[in-house]
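Undergrad: Counting along the first sequence from 1, when you hit position 459 you're at 459 in my numbering, and nothing is skipped either side.
Accuracy of the hints is not assured; some may be wrong.
[As the list claims (entries may be wrong)] Pairs of lysine-lysine, DSS-like flavour, derived with a Cα cap of 25 Å:
{"#": "1", "residue 1": "414", "residue 2": "452"}
{"#": "2", "residue 1": "475", "residue 2": "485"}
{"#": "3", "residue 1": "414", "residue 2": "478"}
{"#": "4", "residue 1": "485", "residue 2": "342"}
{"#": "5", "residue 1": "339", "residue 2": "353"}
{"#": "6", "residue 1": "339", "residue 2": "160"}
{"#": "7", "residue 1": "204", "residue 2": "160"}
{"#": "8", "residue 1": "452", "residue 2": "475"}
{"#": "9", "residue 1": "89", "residue 2": "286"}
{"#": "10", "residue 1": "414", "residue 2": "439"}
{"#": "11", "residue 1": "475", "residue 2": "342"}
{"#": "12", "residue 1": "475", "residue 2": "353"}
{"#": "13", "residue 1": "342", "residue 2": "286"}
{"#": "14", "residue 1": "439", "residue 2": "353"}
[As the list claims (entries may be wrong)] Beta-carbon label-pair distances, calculated as ranges:
{"#": "15", "residue 1": "265", "residue 2": "174", "range": "21 to 27 Å"}
{"#": "16", "residue 1": "264", "residue 2": "332", "range": "38 to 44 Å"}
{"#": "17", "residue 1": "140", "residue 2": "103", "range": "15 to 21 Å"}
Hint data in this document are derived by calculation from the structure and do not stem from the laboratory. Every residue gets a Cβ at the ideal spot worked out from N, C-alpha and C, and that includes glycine.
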Amino acid sequence: MKSKLVIYNTLTRTKENFTPINPPFVGLYVCGPTVYSDVHLGNCRTFVSFDLIYRYLLHLGYKVRYVRNITDAGHLEGDQDEGDDKFSKKARLEQVEPMEIVQRYTLGFHHIMQLFNVLPPSIEPTATGHIAEQIEMVKTIMNNGYAYEVNGTVYFDVEKYSKSHNYTVLTNRQLEDLLANTRDLGGQDEKHGRLDFALWIKAKPEHIMRWPSPWGWGFPGWHIECSAMSSKYLGDTFDIHGGGMDLAATHHTNEIAQSQACHHVQPARYWVHTNMLTVNGARMSKSAGNGFLPQELFTGNHPLLERGYSPMTVRFFMLQAHYRSTLDFSNEALDASDKGYKRLMNAIALLDKLTPAATSDFDITNIRERCYQAMNDDFNSPVLIAELFEAVRIINTVYDGKGSLDQQNLDMLKTLIRDFVFDVLGLTEEVAQTDDFGKLMDFIIRLRLDAKNNKDYATSDKIRLQLQELGIQLKDSKEGTTWSKV
RNA sequence: GGUCGGAUGGCCGAGUGGCUAGGCAGAGGUCUGCAAAACCUUUUACAGCGGUUCGAAUCCGCUUCCGACCUCCA
Numbered sequence: 001m002k003s004k005l006v007i008y009n010t011l012t013r014t015k016e017n018f019t020p021i022n023p024p025f026v027g028l029y030v031c032g033p034t035v036y037s038d039v040h041l042g043n044c045r046t047f048v049s050f051d052l053i054y055r056y057l058l059h060l061g062y063k064v065r066y067v068r069n070i071t072d073a074g075h076l077e078g079d080q081d082e083g084d085d086k087f088s089k090k091a092r093l094e095q096v097e098p099m100e101i102v103q104r105y106t107l108g109f110h111h112i113m114q115l116f117n118v119l120p121p122s123i124e125p126t127a128t129g130h131i132a133e134q135i136e137m138v139k140t141i142m143n144n145g146y147a148y149e150v151n152g153t154v155y156f157d158v159e160k161y162s163k164s165h166n167y168t169v170l171t172n173r174q175l176e177d178l179l180a181n182t183r184d185l186g187g188q189d190e191k192h193g194r195l196d197f198a199l200w201i202k203a204k205p206e207h208i209m210r211w212p213s214p215w216g217w218g219f220p221g222w223h224i225e226c227s228a229m230s231s232k233y234l235g236d237t238f239d240i241h242g243g244g245m246d247l248a249a250t251h252h253t254n255e256i257a258q259s260q261a262c263h264h265v266q267p268a269r270y271w272v273h274t275n276m277l278t279v280n281g282a283r284m285s286k287s288a289g290n291g292f293l294p295q296e297l298f299t300g301n302h303p304l305l306e307r308g309y310s311p312m313t314v315r316f317f318m319l320q321a322h323y324r325s326t327l328d329f330s331n332e333a334l335d336a337s338d339k340g341y342k343r344l345m346n347a348i349a350l351l352d353k354l355t356p357a358a359t360s361d362f363d364i365t366n367i368r369e370r371c372y373q374a375m376n377d378d379f380n381s382p383v384l385i386a387e388l389f390e391a392v393r394i395i396n397t398v399y400d401g402k403g404s405l406d407q408q409n410l411d412m413l414k415t416l417i418r419d420f421v422f423d424v425l426g427l428t429e430e431v432a433q434t435d436d437f438g439k440l441m442d443f444i445i446r447l448r449l450d451a452k453n454n455k456d457y458a459t460s461d462k463i464r465l466q467l468q469e470l471g472i473q474l475k476d477s478k479e480g481t482t483w484s485k486v
């Protein structure tokens, strides 16, 4: 296993060598979507980023159990531990059952993930499917003395926890500062401490999504589901826990506290946080109204978009930035990625047309080594892509007859492309050249060649221009004619 | 206000104490019936001011600006 993989760990704020607890197995947990509305592009970036991580771990030969949850209960409007959960609110607005909301947006999420060629996780557990586990966990935390019940709601006692544990381990903040910036407890507030958060919430009479518990009818708090489900499927301590950076300060901080209070161990060894997608420098978010839905991006049907971009162009765009950097969205940047992606794919399409020579002007081993170096350095996909464009130049040069590859290097080049472009980056060719459409194109190209051989340039140009209007670009060369979608 | 992270050429975006990132765009050239593509060459750079160093865009300090989190968000 060529594994000198280093991963940036939010817990230590440094890059660390990746050493699984129980190799070759790797446990990976990622906080999934809350399915009360459509996923926007920023959400997608996180899942594409972890798809890259998952794919590379698989490529290295690890047996990865990838758990990514669906939050379908307990996520409140405003994190004040009061009011409605997001599903009930949306359901009331649309006059449907909350679980209809859950179903609709879960299906939508899966559809979008497929378009982005994001591999499904090994297990995709839901919060509503693990109510019993969550209740058990809350009971244990209470028994361990880190939670208390008030009128059917159970709160986590942050103050008590922080006497023996580092509550702010992920964010390095001072507890006093947190306290200073938290609102005053009102007279009617049930919480003992300002930072306390709900593990279990008493259902109001009108609340539809509710389950029986030792504390009466209620529903789980937002954070407890991830603790309960990650420990159920990956163990009390597992290898990697991931999510968007925005979750670190609250959700993940509380997850760690709950898990510690329950199991007396850190839940995850490596905490990985992906950065935000921005628009004009500001974070894309649901509430700011600057979010794109994937469908709007694909069709170009949005005021900020000049045209539509294909899912693979968008995936490529995302992978051209490192997952821990913000990525700024713009039409210009998408255009550049679109052309770059097509350049990459056009070169790959030429790969099968290359004929091996007796000698080789290029050494693919070096490029391969650099590709691994890039990915081993905290999954540096932009550097990987830069290396792959080196391979693109080699392919084009050989195709132009200005350089040669022997059989061994040609085979290595094909393996390199398969491994890194398709397996690790998860890119796909959006138009297959071998299907019926491709056969049809071959036929048209032969017709045009006949015309050209007869010096009937009027006909050959007509064919070329007509195809261009249909969005298909012909390219003549010594080896023959190829085509690509514009 | 607190914590954290940024500021790289026309745009996006890597990286690093001395060696070309890459993509897109621009310029010139080669090839070509035309077109496109490809290939070659090439212009524009590391926010500002100090300091450390033989040498800093890269380390340190200060300044300015920006963002994220601290209230729901991947």
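Undergrad: Compare the distance between the alpha carbons of residue 339 and residue 160 with 25 Å, and conclude whether the hinted pair is satisfied.
TA: Answer violated: residue 339 to residue 160 is near 56 Å, above 25 Å.
Undergrad: Do the Cβ positions of residue 264 and residue 332 conform to the proposed distance bound of 38 to 44 Å?
TA: violated (52 Å)
Undergrad: Taking only the CA atoms, is the gap from residue 475 to residue 353 under or equal to 25 Å?
TA: Within the cut-off at roughly 14 Å; holds.
Undergrad: Between residue 265 and residue 174, is the Cβ distance one that fits in 21 to 27 Å?
TA: Since residue 265 and residue 174 have Cβ atoms about 25 Å apart, the given range 21 to 27 Å holds.
Undergrad: Confirm or reject the claim that residue 140 and residue 103 have a C-beta distance inside 15 to 21 Å.
TA: Given about 32 Å between the Cβ atoms, the range is violated.
Undergrad: With the threshold set at 25 Å, check whether the alpha-carbon distance from residue 342 to residue 286 stays at or below it.
TA: violated (31 Å)
Undergrad: With the threshold set at 25 Å, check whether the alpha-carbon distance from residue 414 to residue 478 stays at or below it.
TA: Holds: residue 414 and residue 478 sit about 22 Å apart, inside 25 Å.
Undergrad: Run the distance test for residue 452 versus residue 475: straight-line Cα separation, threshold 25 Å.
TA: holds (14 Å)
Undergrad: Is residue 414 within 25 Å of residue 452, Cα to Cα?
TA: Measuring from Cα to Cα gives roughly 33 Å; hence the hint is violated.
Undergrad: Within 25 Å, alpha carbon to alpha carbon, are residue 204 and residue 160?
TA: violated (28 Å)
Undergrad: Please verify whether residue 485 and residue 342 have alpha carbons no more than 25 Å apart.
TA: Roughly 8 Å separates the two Cα atoms, so the pair holds.
Undergrad: Regarding the pair residue 339 and residue 353, is the alpha-carbon distance no greater than 25 Å?
TA: holds (22 Å)
Hint violations for this structure: numbers 1, 6, 7, 13, 16 and 17, all remaining hints satisfied.
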